[in-house]
Amino acid sequence: MGWFSPAGVMIGKVRGNEANILARTLGKHLADDYGVWCNYGQIGRDFQYAYEKGVLKRVLPEDEYNSIPFDLLEAGNPEFLIDFYRRIAFKEGEFSHLGDGAHHLAKRWEFGEDFYKEAKWKIWNPAIGYPVHHSNESNGQVGSLISCMFNRDAQNHSHQNVITSGLPHNILSAICEELWGPGVLDQPNNYTPMNQAKAKFAKWSIVRNVLHDSLTLCNWMFPMIVSPLKELGYKGDNGIEAKYYSLVTGDHTTTEELDLIGERIFTLHRALTMKQMGTMDMRNNHDVIAEWVFDKQPDRTAFSAGTNKMDREDMELAKTLFYREMRWDEKTGAPTMATYSRLGLEEVGAEMMSKGLVPSLFNSEPLKEAAN
Numbered sequence: 001m002g003w004f005s006p007a008g009v010m011i012g013k014v015r016g017n018e019a020n021i022l023a024r025t026l027g028k029h030l031a032d033d034y035g036v037w038c039n040y041g042q043i044g045r046d047f048q049y050a051y052e053k054g055v056l057k058r059v060l061p062e063d064e065y066n067s068i069p070f071d072l073l074e075a076g077n078p079e080f081l082i083d084f085y086r087r088i089a090f091k092e093g094e095f096s097h098l099g100d101g102a103h104h105l106a107k108r109w110e111f112g113e114d115f116y117k118e119a120k121w122k123i124w125n126p127a128i129g130y131p132v133h134h135s136n137e138s139n140g141q142v143g144s145l146i147s148c149m150f151n152r153d154a155q156n157h158s159h160q161n162v163i164t165s166g167l168p169h170n171i172l173s174a175i176c177e178e179l180w181g182p183g184v185l186d187q188p189n190n191y192t193p194m195n196q197a198k199a200k201f202a203k204w205s206i207v208r209n210v211l212h213d214s215l216t217l218c219n220w221m222f223p224m225i226v227s228p229l230k231e232l233g234y235k236g237d238n239g240i241e242a243k244y245y246s247l248v249t250g251d252h253t254t255t256e257e258l259d260l261i262g263e264r265i266f267t268l269h270r271a272l273t274m275k276q277m278g279t280m281d282m283r284n285n286h287d288v289i290a291e292w293v294f295d296k297q298p299d300r301t302a303f304s305a306g307t308n309k310m311d312r313e314d315m316e317l318a319k320t321l322f323y324r325e326m327r328w329d330e331k332t333g334a335p336t337m338a339t340y341s342r343l344g345l346e347e348v349g350a351e352m353m354s355k356g357l358v359p360s361l362f363n364s365e366p367l368k369e370a371a372n
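First residue of the sequence shown? That's 1 in the numbering used here, and the numbers climb one at a time after it.
Only pairs whose alpha carbons sit at most 25 Å apart, straight line, appear in this in silico BS3-like list of lysine-lysine:
#1 K107 <-> K53
#2 K53 <-> K91
#3 K57 <-> K122
#4 K107 <-> K122
#5 K120 <-> K107
#6 K53 <-> K122
#7 K275 <-> K331
#8 K57 <-> K107
#9 K107 <-> K91
#10 K275 <-> K107
#11 K200 <-> K235
Since the hints were derived computationally from the structure, they do not count as laboratory data.
With the hints as extra help, turn the sequences into a complete structure.
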């Protein structure tokens, strides 16, 4: 994924689009050859922040700083990337910590709060430090919820493939409403307030994502709930994963049974995350969103046409409705003992209980507004 090469944009500013394309192409091959993951361009944004804000000058030893060919960068010469990737791949000096990832790098180099608050740097989750990717720009609260629930870029294409299927909105919306309920699908950048159907869509998207990982199906190609065939009413098959599994293994499994396995997988993922973090309050310590998502475009309001700006209270409602769908504690976002038992994870629940990581009561406080 070196097309999102660091310095490509900066080089393009100096020498134009042709140099930008050349830099990205060179960066792609260098990243592939060295095995460096660009994190969908985040490594480039991390570098750009450190360069523009004077962080590199502050944290690098003088000799190391002077050895970096910044003159090539400032001249718009893509050859700068040859030096850039070599230092990261071979862990040469302090500069190589750009390969640690935004979360660890920002701590090590003491990035400012603006790194998390400005949309330019695209940090989605300030607690964990991964970038936006099919998040609030992907059906608003649905993409936002999905991005909150993972420990890194969710890499979830379940919802994205539905949204970008190419079908007219009215046809696609009707198909989605059959599966998840009224009001589930919004026009791009014209979002409506949260409802239960969107929580169901988010849960389904995550369940299918982890199932595809487990079944070695491609989440970039699946799911297949829509079809290009008019004679099918453009409907696909929501149960095709279960059919494939049954055919290949001989173990006949229904869609509902397979989805329950996916729910079990993701609840186990949640428990492991809580165990590693040592917290039960996932709502406030894990499922967080950077401020820029709510504060961007100050001249616009959430739910107005032409923006993917989100609303804070609405996203808190979204979390509550999602936790309700997962049958997790609505106050903390932690799985309850009843949920562990329902999913056949009693031993996991017992261990989490011993660590004080299971809510004592299922919290079902009244919502601020009724869900649809």
